[in-house]
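Below are the chains, spelled out letter by letter.
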Amino acid sequence: MTDLKKTPLHALHVSLGAKMVPFAGYEMPVQYPPGVMKEHLHTRAKAGLFDVSHMGQVIIKGASYAAVATGLERLIPVDILGLAEGRQRYGFFTNADGGIADDLMLANRGDHVFMVVNAACKAADIAHLKAALEPELTVTEITDRALLALQGPAAESVLATLDPRAAKMRFMDVATLELDGVWAWVSRSGYTGEDGYEISIPAKDAPRIAQVLLDHPAVAPIGLGARDSLRLEAGLCLYGHDIDARTSPVEGALTWAIQKVRRPGGARAGGYPGADRIAAEMANGAARKRVGLMPQGRAPMREGVVLFADAEATDPIGMITSGGFGPTVGKPVAMGYVAAAHATVGTQIFGELRGKRQALTVAPMPFTPANFKR
Amino acid sequence: MKYTEEHEWLRAEGDVYVVGITEHATTQLGDLVFVELPEVGATVSKDDEIVVIESVKAASDIMAPVDGEITEVNTALADDPSLANSDALGAGWFFKIKPSDPSQMDDLMDEAAYTAMIG
Chain A
0 MTDLKKTPLH ALHVSLGAKM VPFAGYEMPV QYPPGVMKEH LHTRAKAGLF DVSHMGQVII
60 KGASYAAVAT GLERLIPVDI LGLAEGRQRY GFFTNADGGI ADDLMLANRG DHVFMVVNAA
120 CKAADIAHLK AALEPELTVT EITDRALLAL QGPAAESVLA TLDPRAAKMR FMDVATLELD
180 GVWAWVSRSG YTGEDGYEIS IPAKDAPRIA QVLLDHPAVA PIGLGARDSL RLEAGLCLYG
240 HDIDARTSPV EGALTWAIQK VRRPGGARAG GYPGADRIAA EMANGAARKR VGLMPQGRAP
300 MREGVVLFAD AEATDPIGMI TSGGFGPTVG KPVAMGYVAA AHATVGTQIF GELRGKRQAL
360 TVAPMPFTPA NFKR
Chain B
0 MKYTEEHEWL RAEGDVYVVG ITEHATTQLG DLVFVELPEV GATVSKDDEI VVIESVKAAS
60 DIMAPVDGEI TEVNTALADD PSLANSDALG AGWFFKIKPS DPSQMDDLMD EAAYTAMIG
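As you go down the protein sequences, you meet chains A and B in turn.
Each residue of the first sequence is one higher than the one before, starting from 0 at the first, in numbering that gives the first Met the number 0.
Each residue of the second sequence is one higher than the one before, starting from 0 at the first, in numbering that gives the first Met the number 0.
So here's chain A without its partners, still in its complex pose:
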């Protein structure tokens, strides 16, 4: 794994006994000695610490926040201009076909936007931003900061021991906190369905701050394996699997992320790549839709399982894009795309698993209740 990049916490992961695997060009911890199941349950019960330093951290600056927001709204179909200072929002880059080029988080940090993008897409995202926005705006990849996520019901009490202002933040607030003498860019958000924080800190301080957090008895290190099962139970998309360059936000059941002001009839409707297709799908519905799926049996159904309307049908109606066992649900859970006629919650469909048709029920997501501090 010599050509893989390492995060600032690499040595810490190894010292904690992590199993390291290649992921998006980085050598990352997939699990620690307790394993995926215990790590998952620990995060839901107490707090988990995740290294997400492989993700892209980007700052976009300009003459004013409004100038930055106006530029970004040409690439991202969400309300960025109306995002209040100190607030974060989910969004995505669309492509000319109305597909999703990447999904992301962006924050109004006063005079600039701070954005976090997926590791596998970050080079393309930054090139896209620079090509579209420079020289009026400046796009800077932040390469000297680590990114940690502290997730779970104990996250607030743990982080508040370092800076009591952590407890005052609401879901999707961003703030600069002082953690053991280090200025951290913190958002109250995450990818687990739990309350928690995402914490950007200087790379040189990251191992020490991570250790300070891990020294708290409620906190355990959590690998990518549990990160995936947690986000699946939370109904959150994994880019490249549940959404990609061919899926539109409407197909992906992400229309909620496109605020009214950016929809047809809104003051700043359209004006982003693929707006025509997305507007048409918002008006008329998409031919297929991402839905939650609960296998009725005990066998997990994973990515790639082909879906059918009934046990005998020969024409597929869709496919599973993420699936596995949900440790908190205690049963298999999945998400995938189905033809619109089969997308209603409660509909029974079938997946072909090892040559046999197995029943699934279209189910609401998240599979576990979200525990955000609104």
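Worth flagging that the hints you see were computed from the coordinates, not collected in a lab.
Be a bit skeptical, because a hint or two may be false.
Claimed, not checked - Distance condition first, Cα-Cα at most 25 Å in a straight line; then the derived SDA-like pairs of lysine to any residue:
hint, chain 1, residue 1, chain 2, residue 2
1, A, Lys-355, B, Glu-68
2, A, Lys-18, B, Ala-11
3, A, Lys-355, B, Ser-59
Following the hints, complete the assembly by docking chain B onto the known chain A.
Just chain B, lined up with the frame of chain A:
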């Protein structure tokens, strides 16, 4: 006790062998969440994929270690796959097989050879 390169163990019990997977295997696989066992009475051939096991992470197959007939399966394991993690060599057994060609048993590893293989 005999072992296969696929990390199965076989323990003689009269003229049948009890088959499970080793602690090394369950540690590598992680927590098991699903086990699909063969039919009792099925005639199987060595290397047939006769058991499906799923951990939180992934699905894998367990192959018949020898030719023979499945005489019993561990329904308790199907109800609680974590038995394979908590008691791999005992309550976590998978199936019992009656070999049709006992000479195939000579191809399996003893404990020393298996221990050497997993290093």
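Are Lys-355/A and Glu-68/B close enough, with their CA atoms no more than 25 Å apart?
holds, 23 Å
Pair hint Lys-18/A and Ala-11/B, alpha-carbon separation not exceeding 25 Å:
violated, 35 Å
Holds or violated: Lys-355/A and Ser-59/B, Cα atoms, limit 25 Å.
holds, 17 Å
When each numbered hint is compared with the structure, a violation occurs for hint 2 only.
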